[in-house]
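Using the sequences and the accompanying hints, generate a full structural model.
Oh and the sequence shown: position 216 is 201 in this note's numbering, straight run, nothing missing.
Mixed in with the good hints, there may be bad ones.
Estimated spans, in silico, between C-beta atoms of each pair [stated by the list, open to error]:
{"no.": "1", "residue 1": "Arg19", "residue 2": "Glu52", "range": "33 to 39 Å"}
{"no.": "2", "residue 1": "Ala106", "residue 2": "Leu76", "range": "24 to 30 Å"}
{"no.": "3", "residue 1": "Phe212", "residue 2": "Leu18", "range": "39 to 45 Å"}
{"no.": "4", "residue 1": "Gly110", "residue 2": "Glu26", "range": "29 to 35 Å"}
{"no.": "5", "residue 1": "Asn115", "residue 2": "Glu180", "range": "15 to 21 Å"}
{"no.": "6", "residue 1": "Ala133", "residue 2": "Lys160", "range": "20 to 26 Å"}
{"no.": "7", "residue 1": "Glu192", "residue 2": "Leu103", "range": "48 to 54 Å"}
{"no.": "8", "residue 1": "Val29", "residue 2": "Gly68", "range": "32 to 38 Å"}
{"no.": "9", "residue 1": "Leu15", "residue 2": "Gln140", "range": "49 to 55 Å"}
{"no.": "10", "residue 1": "Phe60", "residue 2": "Asp117", "range": "17 to 23 Å"}
{"no.": "11", "residue 1": "Ala106", "residue 2": "Asn165", "range": "37 to 43 Å"}
{"no.": "12", "residue 1": "Asp117", "residue 2": "His7", "range": "53 to 59 Å"}
If you are wondering where the hints come from, they were derived from the structure by calculation, not from laboratory data. For glycine and all other residues, C-beta sits at the position ideal for the given N, C-alpha and C.
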Amino acid sequence: MTEQLEQTLSLKVLPQEPVKPHPVSDAEILAYLRHSAKFAEVAVAAEREALVLANCNQLGIEVSDDEWQAAGDAFRLERKLWGNTETLAWLEEQRINVEEWSQGIKVALLENKLKEYLFGATVDGAYISNRDNYRRVALSQILLTDLATAWKIVQLLREGEASFCALALEHSKGKQSQENGGFVGIRYLVELIPEIAEPLSQAKEGEIIGPVQTKMGYHVLRVEKWFPIELNQGVRQQIMDSLFDAWLQNLKTSHHEGE
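Below is the structure:
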């Protein structure tokens, strides 16, 4: 047996040493983005940044040195980059230099300032007008690929003949829900796609909803808990992000229509 194994292994030995991994160039990375059809995704992010910078420049929105330094310190603290050694090692891992990292910090600050400039005064009104959309819900789901199985699971759950957690572990095709026994987290209704948010908005705690069809498949849903509505910092940021994204989309649409 040992002799046969040695003969098999000897046949696998290459006549030359295999090529060892090496850091790829920026040109190779760019080529990869193109041939893997990921270039457009990066281009969209770059266009967004360009729009932010151009509008900040036009409106005279700037970042002070103190704000810039504080944001950099907060970034390092969050990632446990306590000293220069850890920071430089992280920069090397990311393949960027200090100036490029600092520019990223500045762009993030400018975007937040632009959001506040454009929509800070309208957040309260948007919240009052769409208050129910900013309810938070603890949600579980089982994602399935065929309708018949989805209906069977709904029936089992409504008749109390099976555990939601057990069925999710066995049947759910969603990675997060399958791994966590169906639980997918605490979400704002506004974060969910309309097909799911609409039936959820009228549901009570513990209620089984579905099957709900989306492009991902058939969702069997359960509301674990509703949380009180309040305009906290998280909700405020969510509203501003939504308003800002809609504003950017309108800018792009207007530009394309004008061409």
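Structure-based check of each hint:
no.: 1; hint: Arg19 to Glu52: 33 to 39 Å; in the structure: holds (37 Å)
no.: 2; hint: Ala106 to Leu76: 24 to 30 Å; in the structure: violated (38 Å)
no.: 3; hint: Phe212 to Leu18: 39 to 45 Å; in the structure: holds (40 Å)
no.: 4; hint: Gly110 to Glu26: 29 to 35 Å; in the structure: holds (34 Å)
no.: 5; hint: Asn115 to Glu180: 15 to 21 Å; in the structure: holds (18 Å)
no.: 6; hint: Ala133 to Lys160: 20 to 26 Å; in the structure: holds (23 Å)
no.: 7; hint: Glu192 to Leu103: 48 to 54 Å; in the structure: violated (39 Å)
no.: 8; hint: Val29 to Gly68: 32 to 38 Å; in the structure: holds (36 Å)
no.: 9; hint: Leu15 to Gln140: 49 to 55 Å; in the structure: holds (53 Å)
no.: 10; hint: Phe60 to Asp117: 17 to 23 Å; in the structure: violated (35 Å)
no.: 11; hint: Ala106 to Asn165: 37 to 43 Å; in the structure: holds (40 Å)
no.: 12; hint: Asp117 to His7: 53 to 59 Å; in the structure: holds (55 Å)
Of the numbered hints given earlier, the model fails hints 2, 7 and 10; all others are met.
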